[in-house]
Structure formats: C-alpha cells, structure tokens
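J.: Here are the chains, one letter per residue:
2 protein chains.
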Amino acid sequence: MIEKLKEVKKAKDILQKLDTKRKKLVLESIAYEIIKNQKDIIEKNQIDISNAFAQNLKKSMIDRLIIDKNKIKDMADAIYDIAKMPEPVGKVLAQWTTKSSLHISKVATPIGVIGIIYESRPNVTSDTFALCFKSSNITILKGGKEARNTNMAIVSSIQKVLMSYDLPKDIVTYLDISRDETYQLLKQNDTIDLIIPRGGESLISFVVSNTTIPVIKHDKGLCHTYIDKYADIQKAIDISIDAKCRRVEICGAMESLLVHKDIADIFLPQIKTEFEKRDITLKGCQKTRDIIDIDKANEKDFQTEYLDKILSIKIVEDTTQAIKHIQRYGSSHSDAIVSEDKTQAKLFLDAVDSACVYLNTSTQFTDGGEFGFGAEIGISTNKLHARGPMGLSELLTYKYQISSEGKTRA
Amino acid sequence: MIEKLKEVKKAKDILQKLDTKRKKLVLESIAYEIIKNQKDIIEKNQIDISNAFAQNLKKSMIDRLIIDKNKIKDMADAIYDIAKMPEPVGKVLAQWTTKSSLHISKVATPIGVIGIIYESRPNVTSDTFALCFKSSNITILKGGKEARNTNMAIVSSIQKVLMSYDLPKDIVTYLDISRDETYQLLKQNDTIDLIIPRGGESLISFVVSNTTIPVIKHDKGLCHTYIDKYADIQKAIDISIDAKCRRVEICGAMESLLVHKDIADIFLPQIKTEFEKRDITLKGCQKTRDIIDIDKANEKDFQTEYLDKILSIKIVEDTTQAIKHIQRYGSSHSDAIVSEDKTQAKLFLDAVDSACVYLNTSTQFTDGGEFGFGAEIGISTNKLHARGPMGLSELLTYKYQISSEGKTRA
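Chains as they are written, first to last, in our numbering: chain C, 1 to 410; chain P, 1 to 410.
Hints listed in this document are in silico derivations from the structure and should not be mistaken for laboratory results.
Every value quoted in this text rests on a predicted model; they were computed, and no experiment measured them.
Don't take each hint at face value.
If several chains are the same, the list does not tell them apart, and a pair holds so long as it fits within one copy or across any two.
[Stated by the list, open to error] Subject to a maximum C-alpha distance of 25 Å in a straight line, what follows is the list of computed SDA-like cross-link-like pairs (lysine to any residue):
| hint | residue 1 | residue 2 |
| --- | --- | --- |
| 1 | Lys36 | Ser50 |
| 2 | Lys217 | His385 |
| 3 | Lys17 | Asp350 |
| 4 | Lys324 | Thr191 |
| 5 | Lys187 | Lys217 |
| 6 | Lys229 | His103 |
| 7 | Lys145 | Gln184 |
| 8 | Lys106 | His325 |
| 9 | Lys217 | Ser393 |
| 10 | Lys17 | Ala351 |
| 11 | Lys217 | Gln184 |
| 12 | Lys187 | Thr381 |
| 13 | Lys235 | Thr408 |
| 14 | Lys261 | Glu340 |
| 15 | Lys10 | Lys300 |
| 16 | Lys324 | Asp262 |
| 17 | Lys187 | Ile213 |
Could you put the whole structure together from the sequences, leaning on the hints where they help?
T.: So, in structure tokens, the structure goes:
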C-alpha cells in the first residue's frame, strides 16, 4: 500500500496541469467506457451479490449493492454531467488591491489527495472519482468488502481510459485492504490531505478516532420538523408526510415531529390517519398520547435516528422549547419549522444551528442536486470547511496570489 | 476544568443572541478597562518576567513576554479596531432560488467554541478574545505558564466588563492548567468545536497528535524567494533584503534564496555585500560557493526554518527546478518569484501550492493586517477551512436557510 501511495504524489503534479478541455474529454471517455464495460461490471456485481447472500447480509445492504443496466446508465450520466460543469479550479474567489498597493487574488485550488472510505453503493466509486478528477484532486478509494468486485471493475474501466490518454493510472487508486491496513492508511498524513468517510456510525467513529488527517464526516441526520401554533394545517400535513415517508432511509428524513400544544388537538388526529395509511409506526410523549392512541416514546426514542418507518412525536410549549429540544437531541443536519408567522420563523431559523434549516419545506431537500450544486460528494456534518451538501466547490481550497512592482514592507 | 466547561455551553446561547451594537459597546468597554487596569497588568507582568529570568528563559521568549504602557495601548487599540469592524455574523454569503422554487440563503454563523493554545505573547489573550467575541464565538484560552500572571490579569479585566453587562463571564475562560489537563482538554469534543494552537513545533505536534477536534495549525514558514533569470536586479535585491531582514523571527521571513544560474554571477556578489552589512550569515550550495565565498549549506540547511540571521542559498537551472525545490523543502506558507517575465511568473504562481505566492513582492507581507483583514487570529498552515492569514471571516462557518411555500419533494 505504501508503495502504491508513493505513485500518487507523482500523479498529482500531472493531474493538476490538465486543463478543462482535457479533463472533460477524459471524463466523457470514462462515462463511455463504463457503458461499454457494463457486461463485465454487472457480472462482477453478481459475484458480490452472491457473496452477500451467502454471508446473510441485510436486505437493505444488498439492495444498495445491486447494479443493473439502469444504474450503469445513471452512473455514466452523472459523469457526463460533471464533465460539463464549469471549471472550478483557478476560479478567482475575490480580488482586491491593498493600502500598500499589493494586488491580491484569492484563487480556488485543489485540496490535493482525497481519501474516501465508504460502504456498499458502487456508484459512489464513479461519482466520487468524477468529482475529485473535475476538481483536480487525486482520489484514493477504500470501498466495502461487500462491493469489492464491482468497485474494482469500475476502477479498472476508469484506469483503462486514463492510461489511453497517457495519464498515470494512480490518479485513482483503489485499495482492497483489511481493517488493519486501513488503520495504516489513516496515518499517511504526508500523502493524504483529506479523508471523507461515508457510511454507518461505526465506520465514521473508526476513522475519526484513528487519524490526525482532516476528516469531513458524513454522519447521521436526526432531523426534526416543528409544527408551530401558526402553521397552515395542510402544509403541515404535506411537509410531515414528505419529510418522513418519501424515503425513510436517508439522512435528511424526519425522525422526530415536534408539535405546538395549541395546534396538537387539530393536527395530531389528522396526521395519525395519514401516517397509518403509510405504515409508519408512531411513538409519542404522554401529552401526545392523551390526544392520539399510539405507543409511548421514551428518552431513547428521541435520541434515535431510525432510518425506518418509525417516528417519535413530542408536544412542546412553544418555538423556544422546540429549539431547545433540537439543540439537545438533534444532529445539526436538517431541521424544519412549519409556520405562517414571521417572528416564529425567524426565531427558529436563526437559533437552530443545523447545516440546513427549513421554513415550510420538507427536510428531504437536503441534497446537492436539489440545491443546484450538480452532483454531490455527500452531506457534511462537519462545521469546518464544508457544511451540508458538498459539491465541487467544497472539494477545493484556495491560495492567495499577490503581486506588486517590487514592494518591500520595511 | 470539566465543570468550568459546562458553563461554557450556557454562555454560548447568550453570546449568540447579542447584537452588533451590544458587542461593540462591550468591546469598547473592555479596551477602556484594560487601559484603566494597566498598572495591575504591568505589575503582574513583572512577576512573570522575574520568574522568566529566574528560570533562565531564552531572551527572545522574555522579549515577547514584556508588556509596557505602549503595548497596553496597542492591545486596547486592537480591540477598538475590532469593535468597529462590520458585523460578520449573519452575513448572507450567497442567495439563490432553485429549480424547485426553494429560496436558499447561505448565512455566516459562529463556529461555536474555540480553544486557543498559545505561548508567550500576552497580547494574544486580548486580540484573540476580541476576534472570537466579535464573531460570537466562545473563547477558551490556554496560555503558556511563563505568561500566566499577565494573561490572568488581562482576562480578569475582560470578565469584569462582561459581568458589568450582566453577561456570563464564561464567554471567555482562561485555563491555568498542566500538560496532563491540557491533554484532557483536547478530548472535549462535545464542548470545543475548533482548536487553534499557536506556538513552536512541539506545541503544535502535541495538539495535533492528541485530539480529534478539528485543528487549524499555525505552523512553521520555510519561505523561499526565487530570483528568476528575468528578474530586475534592483527589485531582487530590495525584496531579498526585506524578506530576510525586516524581521528574521517571523514565519513569513525568507529562509532560502533560490537563484537562476544565468543571473547568479551578477546577483550573488551584490546581495552578499548587502546581507553582510546586515550581519546575515550565508550558507550556499557548491555552485553558489563557486561565485561567492560563503559557508557550505547541507541538506539539513534547506530543511531548516532558522528564524534567525542565517540564510541558505541555492542556484537552480530554471523556474521548474525552483518549483521542485519548494515542493520538496517548503512548508506551503509564503514563497515568492522575482521576475519581469509573465510566463515564468504564471508558471510559478500556478504551480507553487503555498497559502501565499508572491510576484515581485516580499514574503513578509503575509499578515492579516497587510491583507486588509484588520486584526488576524494568525496565519493558518492548514489547507482546509482557512489558509494563510485568518481574519474574522475565517472564524465563521455557515448554514443554509431554506424557505418555500410548503414544498415537498416526492
């Protein structure tokens, strides 16, 4: 592995010299190559799926693993879309002349070498590579064992194209390594500039606690929707249903519904009917259960990111109590208020310190695509560098270029 | 210490609710209070200085420790300046409407709780607090033992003012703790959002290797100036002298001078005379020593941040070799090219991946004040979040505020 990583440094210089046209051409050829190699990729995927069944992996995990012709097309389309995006590297983010007549430009530059440690979904392999390549960053991929054959088939298509353009194949490195070797990988501060772990809590905590390389986490989303006293009931119902039911397994899905005490009598019976139609199990605080007949929610429930057809409900006194609940139990990912009152809305949007705070909108919109960023590398739960949906710009850093006519400071 | 940190969380909410006017008033009162208490601060400083002499601390360390009336005035002026700066929190960094009619605002928000671990200079205490307070961040200070009495006198003035405004004194916490307790501090991920270590290499490496809290380092500057074949000789001399001699002990000071082989015969004898007038010891590669009679520079010299009146010199074949030397030996802090040729300049400015890359300008300009940022919290040698001089904006993160008229995604 260490030998492989040495090659990465050489590849970095070459990658950073590629211009926009060349990068576009390479990416388009890779999209084409992935379509061309789909038979092989799907065959390799079937090996992974057989192994997954043999090892009794969870159905949800196997679902995420499956690659078919449609998925291949989606993967290729994502690469074509990224290829077409405007060049992010070299963009002048700010420019000014100082009092002492220095001309300063703040220019977007690649981060360098990005390591992605991920599980299951093989499309992450090509999506991530395409975003890193477009932003002139070297990609080091460490995928899950369960997807190894599929991932390696995808990377092999990518590397074939890179080599056909006389580019070093080490622009992307796939590491088929054990946990022990992953531990070693996390110590390569000299090579790796940033690690992005994407996966369950245990993966993320393993990464965070074993590295001093900067990490941008894609951690859990314990998301709330608060139905204020001044909510429009129909909006409250539509938004609650969407935030919970559209997809229960994503990090932007609602896990806890907070309801103002003055609207609970009208709202709760209606929403109960709607949720029951959709097979959602409800668990409530005592005050909620005084109004609708549902299971009891305990402390643990309010701390749980279900990612499932279960929802906890709590009645609160007012917006301030809703905010306090979110501060205590939330994961600073995505939280919403439904209200027609500007004061309550402002109070909530200002006080809730989450990456995305919503007014009269479903929390399921937290997604780079929906934000207009194009493809996204994930949703950061970090506070530093990048927060919330991460697109191409978030894969860049900057440097200052300063010029003058021979200025000295003394 | 853990008890103290609990109070910090409560203080955070109160701090984040303060508006611009109130923050300005508090800061101005603190500046005034520091002037008013100068006798006490200077007395406490004299205790620190006596102790420092008794412990035989280095002269340079004692120099940095000394606080007199002028220094107190500088500290107060810095706070007044920060108080007057435009409000950074709540600034709308970007705003757009998406295809699905969501209105998105990207809004600057405080990071939360910032821990500063620093050595020697007591003015860092008040400067750092003022920047954190202005950006609505809680400040946790862990200063060096050698400055403890001075630092605590300054913090006591700050806290006196906070309490007079009915604000929690825990908006700033000064920790007078041992290395063992500092180790504990570095484990407080639940309380601290960011750690900024400012000091020598051993301090920084201690912090980085013992925490999983995000760290923004203020690490070393092994800065180069490259005199290209197409340099204007007078500019090359002026810039080299300034970059090395204005202040030899700062991180933006030149440590290595790279000279194009075709200009070495003319440039080196002249610069040698100038450096000798200023008591700079020169060490050169063999080719340099064929032209001027100076000591030999070995591999170690090119790896050394002297922060002293010593300079290493190397003759290079061309700009590309200069870039390679900087990639290998530099610390990605500040590096300069002196050249009248646009092609060479562009090649250098694009390829050298340092926080600040200069054309025909002294590297000693790397400084928040010089960049027009006002006061600075330091110069980041990180690549993520903030790079180079860090002002108020770099002490903020952002959140997305999203609103619509009841949009659902399904």
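J.: Decide, hint by hint, whether the structure agrees.
T.: Now for the hints, and whether the structure bears them out:
1. Lys36 x Ser50: Close inside one copy (24 Å), not across copies (77 Å); limit 25 Å.
2. Lys217 x His385: Classified as both; 11 Å inside a copy, 14 Å across copies.
3. Lys17 x Asp350: Answer is between: at 9 Å across copies they meet the 25 Å cutoff, but 43 Å inside does not.
4. Lys324 x Thr191: between (42 Å within a copy, 17 Å between copies)
5. Lys187 x Lys217: both (17 Å within a copy, 18 Å between copies)
6. Lys229 x His103: between (54 Å within a copy, 23 Å between copies)
7. Lys145 x Gln184: Answer is within; shortest intra-copy Cα gap is 17 Å, inter-copy 36 Å.
8. Lys106 x His325: between (40 Å within a copy, 24 Å between copies)
9. Lys217 x Ser393: both (17 Å within a copy, 23 Å between copies)
10. Lys17 x Ala351: Between. Shortest inter-copy distance 8 Å satisfies the 25 Å Cα cut-off; intra-copy 44 Å does not.
11. Lys217 x Gln184: Both: 19 Å inside a chain and 23 Å across chains, each within 25 Å.
12. Lys187 x Thr381: Answer is both: 22 Å inside a copy and 19 Å across each meet the 25 Å cutoff.
13. Lys235 x Thr408: between (62 Å within a copy, 9 Å between copies)
14. Lys261 x Glu340: within (16 Å within a copy, 72 Å between copies)
15. Lys10 x Lys300: Answer is between; shortest inter-copy Cα gap is 24 Å, intra-copy 50 Å.
16. Lys324 x Asp262: within (18 Å within a copy, 69 Å between copies)
17. Lys187 x Ile213: both (7 Å within a copy, 16 Å between copies)
Of the numbered hints stated above, none is contradicted by the structure.
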